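**Student:** With chain A's structure known, arrange chain B on it following the hints.
Sequence order for the protein chains is A and B.
All residue numbers for the first sequence refer to my numbering, where the first residue is 1 and numbers rise by one.
All residue numbers for the second sequence refer to my numbering, where the first residue is 1 and numbers rise by one.
Since the hints were derived computationally from the structure, they do not count as laboratory data.
Do not take every clue at face value.
Unchecked claim - In silico DSS-like links for lysine-lysine, alpha-carbon gap of 27 Å or less: (1) B/LYS319 <-> A/LYS25; (2) A/LYS92 <-> B/LYS438; (3) A/LYS92 <-> B/LYS312; (4) A/LYS92 <-> B/LYS305; (5) A/LYS25 <-> B/LYS18; (6) B/LYS18 <-> A/LYS92; (7) B/LYS438 <-> B/LYS396; (8) A/LYS92 <-> B/LYS396.
To be verified - Which bits of chain B does chain A cover? Going by a derived footprint, with three or more residues having C-beta under 8 Å, they are: (9) 19-30; (10) 221-229; (11) 331-340.
Given the structure is predicted, the values throughout are model-derived calculations rather than measurements.
Where a beta carbon is used, it is the ideal one built from N, C-alpha and C, also for glycine.
Next come the chains, spelled out residue by residue.
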Amino acid sequence: MEATFLLTLLITFLASFIGYELISKIPQTLHTPLMSGSNAISGITLIAAVLIYPEVGGSQILQIIVLIAIAFATLNIVGGFLVTGRILGMFKKND
Amino acid sequence: MIEIILLISAVLFIFALKLFGRPSTAHRANFFAMLAMALAVFSAFNFDFSKYDSAFYITIVVSGLLGVLISKRVQMTQMPELVGLFNGFGGGASGAIAYVELSNTSLPISDVFVAIFSMVIGMFTFSGSLIAVMKLRGKLNNFSTKLGNIFSVFLPIILIIPAALEMNTFLYEFIILVALIAGVIRVAVIGGADMPVVIAFLNSLSGIAAMSAGFIVNSIILIVAGALVGASGIILTLLMCGAMNRTLLDVLKGGFGTTTINNEYEKDPISTSPEDVAIQLSYAESVVIVPGYGMAVAQAQSTVKELTNTLKNKNIEVKFAIHPVAGRMPGHMNVLLAEVDIDYEDMFTLEDINSEFSTTDIVLVLGANDVVNPLARTDKDSPIYGMPILDVDFAKQVIVIKRSMSPGYAGIANPLFINENAKMLFADAKEGLEKIIKSFELV
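Chain B on its own, in the form it takes in the complex:
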C-alpha cells in the first residue's frame, strides 16, 4: 500500500514539472506538487500516528502556520531573500538529520560517508544562505579573503575521509563547524549582482543535501524529489553563469568588479528632461523597456505599468526585454512585472528580442547597466567581454533612466550612455517615470 502511494507521489512530482513548462498550466503544476508532497509525507508515517508525541505535532503545526503567515506577508520585491532563506532551511534540515543519523553507531560505513556528505552540504547551504540573505538586504559588504579560498573549498572535502574512518561525535561536530564557516566565507566574498548564481547554486545544494539524506534513511521518494531540486538548481546556475559568460568557479571565487578600471568618459552624455522623453515617446510606434535591479530597488513596477497603459492607449507597441541576470535572482524582473498585471506575453528573453532592436523606435533602460553595455561585444580586455547583452544601442533612440553616471556591478564605464542615439534622464526609476507620465498630460 505504502509503495503504491509513493509511486503515485513520484509520478505526480514529475507530472508537475512537466506542467510547470508553460505559464498557463503552471498553477496546476503547483497543485500536483502539493498533492505529491502530501502523499509522500503521509506515507512516511506508515499509518502509525501514535508513535509521535505532542512535541512533534506542535512543531509541525506551529511551523506550518508560520509558513502560511510568511507566504501571505512577503512582498514580491523580497522574493530573493525568501528563496535564500528557504534554501538555508532546506539545507539546515537535511544537515541536522544527517548529524542525528551519525549518532547511530550501527550505520554501515557507506552510509557514514553519505551522511557526512549530506551534513557538510547541508550546513554549508545553511550558513551560506543566511549570509546571502544578509547581502540581499544590504546588511553586509563584500570582503575579500585569500585564505577563505583554500579553506572553504578543500577543507570540508578533505575532512570527510578521515572522519568516516574515525567515527567520533566530536569530529562530526568539528566538521559541522568547518562547513558552517566555509559557507559564510564562500558567500561573503561574492558581490551582490552575482546573487542570481549564488541563490540558484545554494538551491541546488539544498536538493543534493535532501537527496543524500534519502540515501541514509532509504527513502526513494526523498532521493527522487531531492534529485529534482538539485537538477533544477544546477540548470538555473549554469543558465545564470552562461548569461554572464563566466564559469561557476569564477563566480564562487568572488571579488568580481572590485577593481575599478577605465571608468572615464570621453565626453559628456546628452541629458534630457521628462517632458522631452514624453514628447519623444508619444511620437514612437514601438517602445522596448529594459528593466534592471534599479527598478526593484525603486519599487517602480506599478509606475512602469502605468506608463505601459498610457503608451498602449496611444496605440504604441510596448515590449519588455529581460536579461537573464537582471535583478537578484532568476526570473526576478518577470515576477515584479507580473505582479502589476503586465502580460507575460509582452516579456521577451534576450534571444527573442535582440534581433528587434534595430527596428525599435525607443528603448527605455530602467536601472540596468552592465546588461546593456556594448563593451561586452567590442572590448576584448573588458571584464564583461563575451557576455550576452541586450543590443539596445542598435535602436533608433535609447533613453536611460539612471540616477548618475556611476558604473554598474562590473565597475566599468558604459559607452552606451555617451552614444549619439542615447539620452540620459538623471532620476530615480520611479520618480523619473512619474514625471514622464505627468508630462504626457501636457503633450
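Chain A with its partners taken away, still in its complex shape:
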C-alpha cells in the first residue's frame, strides 16, 4: 500500500516535470489552442465518472450528480478537441 502510493506520487511528479518542460517550449502564438486543448484533457475526469457510476446505483441523487459530471466532462472533451482542431487548422493553412 505504502509503496504503491509512493510510486503514484513519483509518477505524478514525473508527469508534472515532463509537462512543464514540454509546455515551456510552446510558442506564444499557440497559447490559446494550448488552453482549449488542456480544457479537453481536463475532461479526462470522465474516467473517474465511468469508474464510479456502477457503484452508486443505490442512490438516485448520487447517480444524478455523476451524470452531471459525465455531461460536463464529455462536453469538455468533445468541444475542447474540436475547437482546438479548428484553431490549429487556421495555423496549418499558413504553411
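**Tutor:** Coordinates of chain B only, in the frame set by chain A:
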C-alpha cells in the same frame, strides 16, 4: 491488456505535447491527444459495457453532440469565454466526483483528504470560472471587498482538516457552499484586463482537481493527464504575471487600476486624419502593427488583414508585435490574426521585436494602451513600473488608433500619446482602418 492501452495512452499524451511545440505540427498533436483520450476513456470501461444503463449512454451522446455544436458555432472572438466555461466544467466535474466518492464511508482517511481537496478546488474553479465568463461578456463590474480576501483564501483550507476527521455529509455540503462562494468572490474582485492570468490560473486548477480525482479512483492516466493540464496552466499563469511584472497573489488580490492617479496630460496630442495616415504609410518601408483588446472589441481583424494586404502590395514590410497579455487570454491576438489568414511567421513576441522598433518607420497601435506605456520603463512610482512593454516610442513614427485619450486598465495617463513622434487617430479600430484603406485609393 488494459495496462498496455493505458501505457500507450500516456505516451501519446506526452508525444502530443511535444508536437504542440511548433505551429506546423500542432494540428497533429491534437489528433494524437484525441487518440490518447479515446484509449484512456475506453480502458475505464474494462471491456464491460453492460454495467451501464441507458441514462449513462444518453448523457454521453447528448453532451457530446452539444460539444460538437458549440465547437462549430463559437466565434474566435469568444474563445476567452469558451475556455473560461470549459475550465468551469472541468473543475465542476472533478468536484462532483469527489463529493460522490466522499459518500463512500469505507474510504481511507488519506483518500478523504484528497477527495475534500479535489472537491474544494473543483467547486472553486466552477463558480470562479462562471464569474470570469460573465466578466468577459461585460455583464459584471468589479467589486472590491476586504472581507472576501480573508474569507476566500483561508476558509476552504481551514475547513479541510476538521471535515476529514469528522466525516459528515452535511459538513461536506457546507464545504462545497464555502468553496463556491469563495470562487465567486475571488474572481469578482479582479479586473477585466487581468483575465489572462485568471483564465490560465483556473485552467491550472481544473487540471489539479482532475489529478486529485485520479488519486481517489486510483487511475494513473487520470493523474498524469491532470498533472499535464495543471502544469500547462501554471506555466501560462506565471508567464502572464511576468508579462505584467506582478505576482500571482497581487493579481488575485484584485482591485488593480481602480485608483486613478496622474491622469492629466501636459499638452494636447497631435491628432491626425485617415488621409494623412494613408500618405505616411505609403511612404514607409517597414510597418509594425500592435494589436490590443480594442481590436477584438471592434472585431477589426479582417480589416487589419485588408490593410496588411494593401501595404504588402506596395512592398511595405508588415510585422505584428504581440504583447503576452494583449487581449483577454494567452495567445488571444494570435488566434484572431490567424483566423484572417495572417501568417504566424509575421507575428512577433515582445523579446523578438523590441530591438527592431528603432529601425521601424511606422508603428500602428491598435486598441492597445498599457502595454506600450513608456512609464513602465521610467516612472518608479507608476503601478506598471517594471512591466515589460513594447518599446514603440523608439520608432520613427507612432500612430495610435484609439477612440479617446481615456486611460487603459492601469488607470494612468500614457505619455506616448503626446510624444513628439506620435499622432492620434481618434476612431474605433475598425472604422479608423477602413477609412485609412479607402484613403489609399486616393493616394
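**Student:** Hints the structure violates: just list their numbers, smallest first.
**Tutor:** Failing hints, ascending: 2 and 8.
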